[in-house]
Amino acid sequence: MYPYIPNTQEDEKRMLEAIGANSIDDLFSDIPENIRLKRELNLNSSMSETEVSKDMIKLSQENKSINELTCFLGAGAYDHYIPSIVGHIISKSEFYTSYTPYQPEVSQGTLQYVFEYQTLMCNLTGMDVSNASLYDGGTAIAEAAFMASNITRRDQIVISKTVNPQAREVLKTYGHLQGLEIVEIKDEDGVTNLDELRNNVTDKTAAVIVQSPNFFGIIEDLKSIEEIAHSQKKTLFVTSVDPISLGILRAPGSLGADVVVGEGQSLGIPLSFGGPYLGFIAVNKRHMRKLPGRIVGQTLDKDDKRSYVLTLQAREQHIRREKATSNICSNQGINTLAAAVYLTTLGKKGLREVALQATQKAHYAFKEITKSGKYKPLFDKPFFKEFVVTSDVPVDDINKKLIDERILGGYSLERFYPQYKNAILYAVTEKRTKGEIDKLSSVLEGIK
Amino acid sequence: MKVAKDLYYTNDHEWLKVDGDEAYIGLSDFAQDSLGDIVYVELPEVDDEFDKDDAFSAVESVKAASDVFMPVDGKITEINEDLLDSPELLNEDSYENWIIKIEISDKSQLDDLMSSDEYEKFLDEEV
Amino acid sequence: MREYNKLIFELSRPGRRAYSLPENDVQEVRIEELIPAEYLNDDELNLPEVSEVDIVRHYTNLANKNFGVDTGFYPLGSCTMKYNPKVNEDMANLDGFKNIHPRQPEETVQGALKLMYELDEALCEISGMDKVTLQPAAGAHGELTGLTLIRAYHEDRGDTKRTKIIVPDSAHGTNPASAMMAGFDVIEIKSTEEGLVDLESLKAALSDEVAGLMLTNPNTLGLFEKEIKEIADLVHEAGGLLYYDGANANAILGQVRPGDMGFDVMHFNLHKTFSTPHGGGGPGSGPVAVKKILIDFLPTPVIGKDGQRYYLNYDIPKTVGRMKDFYGHFGIMVRAYAYILSMGSDGLNKVSEMAVLNANYLAHRLKDHYSLPDDAIYKHEFVMAGLKSELSEITTLDVAKRLLDYGYHPPTVYFPLIVHEAMMTEPTESESKETLDEFADVLIEIAQEAKEKPENLKEAPHDTPVRRLDETLAARKPVLKYEG
Chain V
3 MYPYIPNTQE DEKRMLEAIG ANSIDDLFSD IPENIRLKRE LNLNSSMSET
53 EVSKDMIKLS QENKSINELT CFLGAGAYDH YIPSIVGHII SKSEFYTSYT
103 PYQPEVSQGT LQYVFEYQTL MCNLTGMDVS NASLYDGGTA IAEAAFMASN
153 ITRRDQIVIS KTVNPQAREV LKTYGHLQGL EIVEIKDEDG VTNLDELRNN
203 VTDKTAAVIV QSPNFFGIIE DLKSIEEIAH SQKKTLFVTS VDPISLGILR
253 APGSLGADVV VGEGQSLGIP LSFGGPYLGF IAVNKRHMRK LPGRIVGQTL
303 DKDDKRSYVL TLQAREQHIR REKATSNICS NQGINTLAAA VYLTTLGKKG
353 LREVALQATQ KAHYAFKEIT KSGKYKPLFD KPFFKEFVVT SDVPVDDINK
403 KLIDERILGG YSLERFYPQY KNAILYAVTE KRTKGEIDKL SSVLEGIK
Chain S
72 MKVAKDLYYT NDHEWLKVDG DEAYIGLSDF AQDSLGDIVY VELPEVDDEF
122 DKDDAFSAVE SVKAASDVFM PVDGKITEIN EDLLDSPELL NEDSYENWII
172 KIEISDKSQL DDLMSSDEYE KFLDEEV
Chain L
2 MREYNKLIFE LSRPGRRAYS LPENDVQEVR IEELIPAEYL NDDELNLPEV
52 SEVDIVRHYT NLANKNFGVD TGFYPLGSCT MKYNPKVNED MANLDGFKNI
102 HPRQPEETVQ GALKLMYELD EALCEISGMD KVTLQPAAGA HGELTGLTLI
152 RAYHEDRGDT KRTKIIVPDS AHGTNPASAM MAGFDVIEIK STEEGLVDLE
202 SLKAALSDEV AGLMLTNPNT LGLFEKEIKE IADLVHEAGG LLYYDGANAN
252 AILGQVRPGD MGFDVMHFNL HKTFSTPHGG GGPGSGPVAV KKILIDFLPT
302 PVIGKDGQRY YLNYDIPKTV GRMKDFYGHF GIMVRAYAYI LSMGSDGLNK
352 VSEMAVLNAN YLAHRLKDHY SLPDDAIYKH EFVMAGLKSE LSEITTLDVA
402 KRLLDYGYHP PTVYFPLIVH EAMMTEPTES ESKETLDEFA DVLIEIAQEA
452 KEKPENLKEA PHDTPVRRLD ETLAARKPVL KYEG
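Protein chains in written order, with the working numbering: chain V, 3 to 450; chain S, 72 to 198; chain L, 2 to 485.
Among the hints, erroneous ones may be present.
Stated by the list, open to error - Within a straight-line C-alpha distance of at most 25 Å, the following computed SDA-like cross-link-like pairs (lysine to any residue) qualify:
| no. | chain 1 | residue 1 | chain 2 | residue 2 |
| --- | --- | --- | --- | --- |
| 1 | S | Lys76 | S | Ala135 |
| 2 | S | Lys123 | L | Lys165 |
| 3 | V | Lys325 | S | Ala135 |
| 4 | L | Lys459 | V | Leu302 |
| 5 | L | Lys87 | L | Lys459 |
| 6 | V | Lys40 | L | Lys227 |
| 7 | V | Lys163 | V | Asp398 |
| 8 | L | Lys478 | S | Glu163 |
To be verified - Here are the in silico distance ranges between beta carbons for each label pair:
| no. | chain 1 | residue 1 | chain 2 | residue 2 | range |
| --- | --- | --- | --- | --- | --- |
| 9 | V | Arg408 | L | Lys162 | 54 to 60 Å |
| 10 | V | Asp305 | L | Asn25 | 47 to 53 Å |
| 11 | L | Lys230 | S | Ala126 | 38 to 44 Å |
| 12 | L | Lys389 | S | Lys192 | 33 to 39 Å |
| 13 | L | Gln28 | V | Asp305 | 32 to 38 Å |
| 14 | L | Asn65 | V | Asp130 | 39 to 45 Å |
If you are wondering where the hints come from, they were derived from the structure by calculation, not from laboratory data.
Please read these numbers as outputs of a predicted model, since none were measured by experiment.
Glycine residues also receive a C-beta, built at the ideal position from the N, C-alpha and C atoms.
Bound conformation, chain V alone (with noise of 0.2 Å):
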């Protein structure tokens, strides 16, 4: 007997009689022997809960956790603090053991927090309309690309270099099964080139995509690149945020933006080597029917009560099969939840009071990190939680020093930026201590 599959040997017999056959194998007697596995898995054998959880403690043992190490390790996945109260919600399993809210009758609860997640995210990028959900940070850049294309008409993608590395990989991969024409503007100082930019949106452009604070932690000048994406009729702009950045910076709505896309983990989601993580795509209402993706709706059940539906669903791949705004079925569900629990929590000021630190503590490293001059600022721009150093070290060296000292160090640039020899990109959230800080310059500048 199995712990998860509750059928007796008494049951199967009765279950094998009541359909008339003599035996589970008659029920695959439809697949031709020819092709049949005729020995088991070549897998372990089945084991206890006790045996399981042992294996696997031991397991994650070989790894060391941010809570061994000092994170000051960011480019895309940041070890923000997740109040307690997500973990519980998240693990109620009246929603996390649902699927897609197909039958809105029993699906009230699901229902109502993407609806109230739709509407966090919206006041928070300044958008009309978010959907429920995309996969990650990369992909909504690469859906927004295709969202762009089919809305305009047009092949041709402009992006910025300062857009992080691994979703301009994605936007490529995807943009090459639908012919789109890739076109990335070199970053000078940390920023989009503007002349570049200018010199390479014309008629032809579907999107220009933008990242701020960008992957080097800089915020970029989104009202000239507002005004340059929008020189052309068409065009649409797409930023790409942190969401912790618009606790202090202004939301990419009032400036502007067609799109605004973005990875979601920092909002309460852990960093779980990668993912799962949570893609947000928010559009202003001349968009909304192109989005790709689920997308839940206020209305009124037979009672007249205020009630929640998936709607605009003709855009999706169930009905439109093949003319479907995108593929997408299952998103990042129970992701969304935790993003909703986080943002009311932290709530109208705490949001602010976490940018607000992440903001100070990175620029208080930032400066205690480049006070002797061992480390030199790589770029002279205004920074959010980010900031990127050099050195005479290869940051291979550095990191492994840290690793000794229980630090996790900053990421180095030189795979991506092959330019930028010797540079790392420092994280500093909000759940830096000054001791941590102060310890990780005076182990930097031990270094030799």
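Assemble the complex: chain V is given as a structure, and chains S and L must be docked to it using the hints.
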């Protein structure tokens, strides 16, 4: 099912009404009825050009969506913007409420379309 | 239970808070001195102000309005709503799995990489394939990944005229949508009367413009495509590749393998077959397994092993690139890995046996009352074409809504499209004979009620937190956020 007289019809249940060199195009009563409550009509832009059989619009109900195809080649001269806010107009009277007006590129293509009588017969026999 | 119908925004009161952050212990500098004022927002954030207890009660009340597998029987066809073992959740929440950064040095995440490597190997063994990418986020994303690989394969051979993908009319909606997204045109082929791939239609559709065929086996009718070998040979002879949609893989665990059926590439849904929770719509995980001919095209990174050391391998000669950020939904992989360890080869075998027995038993119990073929052998699911007696006014929707009153989640309704009034029912191995009997009794009672008191069905559900919703209103006048 109502079939309005003196219109041209297609197999895909569009109708076309000639008005000089121009024509109104809409959905037949049969089409609106099979879709059910129409919740959205996607419209092209004025000056867009389409070939015969190109999809120029999509009509959505809650659980279905259907493309609307050009009966003949043409260039859009007008769109019925009332449909954007009140898609239900198509359910109410799909002949009164046209979707687009076009400039017909090649009038000879009209010969390939069905007359009202032929369309009625088509509905009886084929559908 | 008192009725609860508030939005979190309506609980907000100025000055309430649910967060607690430590005092800022670095020297405080005015934000305007760090960031130019033109970049800063001047408005107060439009977010709620509530206390922690407000939030807990709010979401607890919302949870009470939800139906999950933990609430009751959830026979949603093709979604494999099996039980989500609790130990899986505990494992995913271990500090060493939950709190590791994706860009940590590899030597500090050897346990995670090992887990992924072993999951890759296990999925290869289960599927009869040669290598896996764990990157895809969900089933549909797996399809897109697989089709991207198929495209790369043909492009690499200079065979650029292959622009079409064949999809049977019984396929999941994601199949044609994924094919379109991957830049292919879709050729839909009709099924036979019985609901299987029609070989003649397939032959007619095949040409040197066909890149591949997407197939679910067992298909969405719960039927095994017996002629799969012939199908595979035909497609391969025509120069195409075969994609296996693994949504229905629960039926075949340990019995037959897509690799042995002749498929070249496939996805698994870890959130279906391998018991990870559906999470109200996600996150899922859709690993893609390939035969040798496609390994060189896999998205990077894949997980490599060098002696005792595990690493992220970015060195794939003809890689298609990257399908998503980082390495996939690791948190979901941990759960699936725990499940495979728990069940083992013997347990997985038992899973498919019991999933199939349950489906056949339930179909047998219902076939006098609901429209079902007489003599089919089902795999994991079966599709009823509505009520057996032709009562024109009672639809599948009415039956589904009435089931809610009895505390059951209805089957998938109106899918597959090729079955009129379809109710696609997948009991999974998690259910006992008693549960199936009780469910069958209720469905039979509803069939009786359809004759005697049809208005009861038309008005259903009666006892749910809300009643039938006005979906037309929602779509015509969209209200997609709270505006106060």
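Hints versus structure:
A threshold of 25 Å between alpha carbons decides the hint, and for S/Lys76 with S/Ala135 the separation of about 28 Å lies outside it, so the pair is violated. Distance check on the hinted pair: S/Lys123 and L/Lys165 sit about 23 Å apart at the alpha-carbon level, within 25 Å; holds. Of the pairs offered as hints, the one joining V/Lys325 and S/Ala135 holds, with about 12 Å between alpha carbons and a cut-off of 25 Å not exceeded. Taken as a hint, the L/Lys459 and V/Leu302 pair is honoured in the structure, with Cα atoms around 18 Å apart against an allowance of 25 Å.
Restraint check for L/Lys87 and L/Lys459: the C-alpha separation of about 38 Å exceeds 25 Å, so the hint is violated. A distance of roughly 17 Å separates the Cα atoms of V/Lys40 and L/Lys227; the hinted pair therefore holds under the 25 Å criterion. A C-alpha spacing of about 24 Å is found between V/Lys163 and V/Asp398, which places the hinted pair at or below 25 Å, so the restraint holds. Distance hint between L/Lys478 and S/Glu163 is fulfilled; the C-alpha atoms sit about 17 Å from each other, no more than 25 Å.
One distance hint, 54 to 60 Å for the beta-carbon pair V/Arg408 and L/Lys162, holds here, with the actual separation near 58 Å. Separated by about 51 Å at the C-beta atoms, V/Asp305 and L/Asn25 satisfy the suggested range of 47 to 53 Å. For the pair L/Lys230 and S/Ala126, the beta carbons lie near 39 Å from each other, so the given range of 38 to 44 Å is met. Distance hint check for L/Lys389 and S/Lys192: the Cβ-Cβ separation is about 36 Å, which falls inside the suggested range of 33 to 39 Å.
The beta-carbon spacing between L/Gln28 and V/Asp305, approximately 59 Å, falls outside the hinted interval of 32 to 38 Å. Checked against the hint of 39 to 45 Å, the pair L/Asn65 and V/Asp130 fails, with Cβ atoms roughly 31 Å apart.
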